[in-house]
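A.B. asks: Spelled out, the chains give:
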Amino acid sequence: MAEEKKLFKVTIDNITIEVEPGTTILNAARKIGGEVAPPAMCYYSTLKGSGGKCRTCLVEVAAGSTADPRPMPKLVASCRTNVMDGMIVKNITSEKALDARKGIVEFLLINHPLDCPICDQAGECYLQDLSYEHGEEGTRYEFKRRTFEKHDIGPYIQLHMTRCILCYRCVYVADQLTQKREHGILDRGDQSEIATYIHKALENDFIGNVIDVCPVGALTDKTFRFKNRVWFLKPQDAHRDCPKCSGRVTLWNRGDEVFRVTARKDQWGEVQEFICNECRFEKKKTADWVIEGPTRISRHSVISQGHYVDTVEPRETLPAVMGGRKPKLLMDINNVSEVNRPGIDLSEIQGPAHSMDFDSENIKP
Amino acid sequence: MQALTTKAKTVGRKPMTFWEKLYIPVIARGMAITFGHIFKKKVTISYPEQTRPFSPVFRGVQVLNRDEQGRERCTACGLCAVACPAEAITMEAAERLPGEEDLYKEEKYAARYEINMLRCIFCGLCEEACPKDAVYLSETLVPANFNRQSFVYGKEEMLIPHPKKDPEGFAKARGEKRS
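Heads up: the protein sequence lines correspond to chains A and B, in order.
Taken in order, the first sequence gives residues 1 to 365; the numbers are from my numbering.
Taken in order, the second sequence gives residues 366 to 544; the numbers are from my numbering.
Simulated from the structure, these hints should not be mistaken for lab results.
Note that beta-carbon positions come from the ideal geometry of N, C-alpha and C, so glycine has one too.
Some clues are possibly wrong.
Looking from chain A toward chain B, a few residues come up when the C-beta cut is under 10 Å (computed) [what the hints assert, rightly or not]:
# : residue
1 : Q305
2 : E338
3 : L346
Facing chain A, a subset of chain B residues (Cβ under 7 Å, in silico) [stated by the list, open to error]:
#  : residue
4  : Q434
5  : R438
6  : C442
7  : G443
8  : T455
9  : L462
10 : A476
11 : R477
12 : E479
13 : E492
14 : A494
15 : P496
16 : N510
17 : V517
Hey, can you work out the whole structure from these sequences and the hints?
C.D. replies: This is the structure:
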């Protein structure tokens, strides 16, 4: 008979839960779920060694353990601190922790450009959510924000170094998922930047996962660049037989066109199963995929706008009233509108669309 | 018969008196009212020649703004479209090429921008949502037309005249409350 493990009792925001020894405070809080779970920008449960860098998950430990009930002198990073038996943790009930988080958000935003209108990550950006919940409205920073020379890291991934918050997630992905890591963080302090040494394209298989893992818009999908805003697309769960990965993905459609393929994410915004580059970048046709159904999106997310679930379509009354005749359509918007013309398939353009893609001679009849 | 309400009044059916039969005093009184209006201030205006000033909160047809150098401000962020309760706005974005810096203000711009004026309810939420001060509701009415197709406004219809090449048109399109 297996020896019964002793479970640790830990109280987070007055909710007591029993967890296995060796669990971090963050994971214990995630077990409770909801607002108790501290936000995390750098911690990623599937990546070994991640966490402890962004400090957004700081919590207050009011009592260390039953054996030593003294409070911890400083706020601790919950993703890196293991629970002890009888530990009392305060997250949203602690004014100190919330105030510290506010400061952290301000620090993260010091060098982060306010180009959300341009950024492809907007709408699914964790820094956006974090600053919305914990941040100040304005900035107190009066100096020049850091800027970088632009690096081209290949045809698939777009790097925007100014947006990076140096969470190291992409470095861990490349280390632990691909055969050979080709990028890393160069220089230090204010100058540290994600780059390849020297100017190489990231072409490892599975390297596309850095896009999903990036909490901000520093690494985005170049094949989806500027194609559409995420909240106008329709996410659908789909799968395909892939020899390299599980092939279970989320398709982002506009009509029948597949604009983007991403991995499926769980409720903490973490990728469930990493997908290969071929699935992500090259299978941009609905025919390549078996569609399972629409992805469930939290109704608090902007992506859920216009996506109605569990609705019943009302019966068409007009044909019945008009004796089977359909009402005459006085104008079909698809004949008039210049947007989403059948001659221009944005999903088939590699990389972002340019002005010549919209020129009349380039439009297929 | 039982009365249905207590408020019913019986109508007098008395025959008219001699003065009332003459009608003239009543007509004279009515005419006095009619001619009295000649000396009053007119409440109407002759419309196309004269126009009334718009209220400061008037919301007319949308205009796509340019900055001082004449570059388009819109970055196709889609916030107007997501704010639009009538779902009248659609757009397609493109990346600015090297050499187009004097045309578009940001790296990304709206290659296509359309507002379906048949759907628009002129609520002004697009103007409120715009982070780039790129779309606003002007002081102009949407011109009437006989066919529906002409009400789908694209960039040609909505883009403000170039402030340097056509300063007069620019000032006119911007309207009084903004200059």
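A.B. asks: Which constraints among the numbered hints does this structure fail? Numbers only, ascending.
C.D. replies: Violated hints (numbers, rising): 4, 5, 13, 14 and 16; every other hint is consistent with the structure.
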